[in-house]
Amino acid sequence: MSEAPGAAVLPRLLRGVSFRGTAQLDRHLDLHGPLPTARELDGPALIDLAERAALRGRGGAGFPAAIKMRAVTASRGHAIVVANGCESEPMSAKDALLLHELPHLVLDGAALAARAVGADQVIVAYETQNADTRISLEHALKQRRAAGTDSVRFELFPAAERFLTGQETSLVSQINGGPAIPSFIPPRPTQRGVRRRPTLIQNVETLSHLALIARHGAEWYRQIGTDSEPGSTLVTVLGAVRDPGVYEIECGTALDALLSAAGGGREQIGGLLIGGYFGSWLPAAAVHQIELSHAALAARDASLGCGVLVALPESCCPVAETVRVAIYLATETANQCGPCVHGSAAIARTLHALGSGRAAPSAFADLRRYTAAVTARGACHLPDGLARFVTTALRTFAAEFDDHASGGPCDACAAPPLLTIPAPVPQRA
Amino acid sequence: MTKIRVNPIRCEAHGLCAELFPEWIRLDEWGYPLINPEPIPRALEAHARRAADACPTLALLLEKD
Chain A
0 MSEAPGAAVL PRLLRGVSFR GTAQLDRHLD LHGPLPTARE LDGPALIDLA
50 ERAALRGRGG AGFPAAIKMR AVTASRGHAI VVANGCESEP MSAKDALLLH
100 ELPHLVLDGA ALAARAVGAD QVIVAYETQN ADTRISLEHA LKQRRAAGTD
150 SVRFELFPAA ERFLTGQETS LVSQINGGPA IPSFIPPRPT QRGVRRRPTL
200 IQNVETLSHL ALIARHGAEW YRQIGTDSEP GSTLVTVLGA VRDPGVYEIE
250 CGTALDALLS AAGGGREQIG GLLIGGYFGS WLPAAAVHQI ELSHAALAAR
300 DASLGCGVLV ALPESCCPVA ETVRVAIYLA TETANQCGPC VHGSAAIART
350 LHALGSGRAA PSAFADLRRY TAAVTARGAC HLPDGLARFV TTALRTFAAE
400 FDDHASGGPC DACAAPPLLT IPAPVPQRA
Chain B
0 MTKIRVNPIR CEAHGLCAEL FPEWIRLDEW GYPLINPEPI PRALEAHARR
50 AADACPTLAL LLEKD
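If you read the protein sequences in the order shown, they are chains A and B.
Sequential numbering of the first sequence, starting at 0, is according to numbering that gives the first Met the number 0.
Sequential numbering of the second sequence, starting at 0, is according to numbering that gives the first Met the number 0.
A hint or two may mislead.
Here are some chain A residues pointing at chain B (derived, C-beta under 7 Å) [what the hints assert, rightly or not]:
| id | residue |
| --- | --- |
| 1 | Phe-183 |
| 2 | Gln-335 |
| 3 | Gly-337 |
| 4 | Pro-338 |
| 5 | His-341 |
| 6 | Ala-372 |
| 7 | Gly-377 |
So these bits of chain B aren't anywhere near chain A, every CB distance computed over 10 Å [to be verified]:
| id | residue |
| --- | --- |
| 8 | Met-0 |
| 9 | Lys-2 |
| 10 | Leu-19 |
| 11 | Pro-21 |
| 12 | Arg-41 |
| 13 | Ala-42 |
| 14 | Asp-52 |
| 15 | Leu-61 |
| 16 | Lys-63 |
Derived by calculation from the structure, the hints in this document are not laboratory data.
Positions of the beta carbon are idealized from the N, C-alpha and C atoms, including for glycine.
Construct all of the structure, not just a fragment, from the sequences and the given hints.
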């Protein structure tokens, strides 16, 4: 196994992962040491620390954590913290891994976030399909209560298994007893969220980084990574590699170095999906040009999202994979915003017709029109993600889409899907 | 500076806004408003106000910077 750049000092977050299973409190403390007390590191100092570390959210949008924390402290009312463990990206595994294997790292970070914004309560939201997660979290909380670790109160929240579950306003709605659907902004959750209180929602990986930054400092965090995006990040590597799974990489790592670290190509790569179902398709040739940072990917009209990287094997049909995911995303619409309701369905319908060779001659032009029509027109970014997924697929696999449009399904279309779609679940009221 | 924005959750595509404020709003193929994101010139602010007031679902917001 070759090493990715920065590997000498990594893993940081994943140091506690072992074959012995979930990291217990004593082993966690042996590895990382105790958290600084509130006297050693108070709330404002913590926010300054997050700012100096340039810590960005790891849920997908990459928003600076310190700015979000300050927005909460600037709002009137008693703040509350939500540790967001609902990645909702069907192929991402990092949040579930953290909650299950390293719950104390997440809980440390959540307690610190509460200290930063002056909250005395933390809600840990997790996805219900991961049954082990609750057991692991409950056990970890019991250990912390026995040791008197925390001054904040923890609450567990099992969230619906929908694509929009982890979206911030949707998560707030669920915790408040409503359905898993986004709401219009303003108000932002930082102004008025859970129980109408100013709410800090941070991804569980972001919180885990905070737990280490508080212990070791911003300079330590910045020893690896790029200037604008220091530190390490978790990615889920899938597809044509020998060792798929969750990896911790230095921000800015070259994609080909990461794929080598993941055991290298199992077979020829036909294309790359960067950023999961909210991400972008890029041609296989780009594998040697991609740096995994928000800045470098933005220049290629892509984003790291929540860190899902798929090397699509040449034996998979990119058209069939794209059509399946597009239909899935279209069915996950919250059915609230007109352009998304109509546009997402039109995109899925047209793509499906293209893939099966039954599309109207205007199909490609129609898709360009529909994808433009849904972009930035919803209360959430689901339609934008769908549009980007489809637009970059049409660009990257233009020849394959042309072949399907004229000749119908290819031999590989019937192969088992690589990009997984969660089984349908009954919609909550 | 005033801008006009739609709450897409509230909007039900009645389309009055595009009739009352065609300088700034047109409708997409499903009848939902496409709004010019630029600041509205002072001379047209009355039209913007009229469109927002007429919306049956109160989905249009005038935002002042």
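10 Å cut-off, C-beta based - B/Asp-52 kept clear of every residue in chain A: holds, 19 Å
Separation of B/Pro-21 from chain A, once the least beta-carbon distance is taken, above 10 Å: holds, 19 Å
Beyond 10 Å from each Cβ of chain A, as asserted for B/Lys-63: The claim stands: B/Lys-63 keeps its Cβ more than 10 Å from every Cβ of chain A (closest is about 14 Å).
A/Pro-338 as chain B interface residue, shortest Cβ-Cβ below 7 Å: Nearest chain B Cβ about 5 Å off; hint holds.
No chain A beta carbon within 10 Å of B/Leu-61's: With a cut-off of 10 Å, B/Leu-61 remains clear of chain A, as the shortest Cβ separation is near 14 Å.
Closest C-beta approach of A/Gln-335 to chain B relative to 7 Å, hint status: Cβ of A/Gln-335 sits 5 Å from chain B, so the hint holds.
Restraint satisfaction for A/Phe-183 [CB to CB of chain B, less than 7 Å]: The hint holds - A/Phe-183 has a Cβ within 7 Å of chain B, the shortest such distance being about 5 Å.
B/Ala-42 remote from chain A - nearest C-beta pair above 10 Å: holds, 27 Å
Separation of B/Arg-41 from chain A, once the least beta-carbon distance is taken, above 10 Å: holds, 25 Å
Hint status (Cβ of A/Gly-337 to nearest Cβ of chain B, threshold 7 Å): Cβ of A/Gly-337 sits 4 Å from chain B, so the hint holds.
Agreement of hint A/Gly-377 with chain B interface, Cβ distance less than 7 Å: holds, 6 Å
Consistency of the no-contact label for B/Leu-19, given chain A and a CB cut of 10 Å: holds, 19 Å
Hint check: no violations occur; every hint is consistent with the structure.
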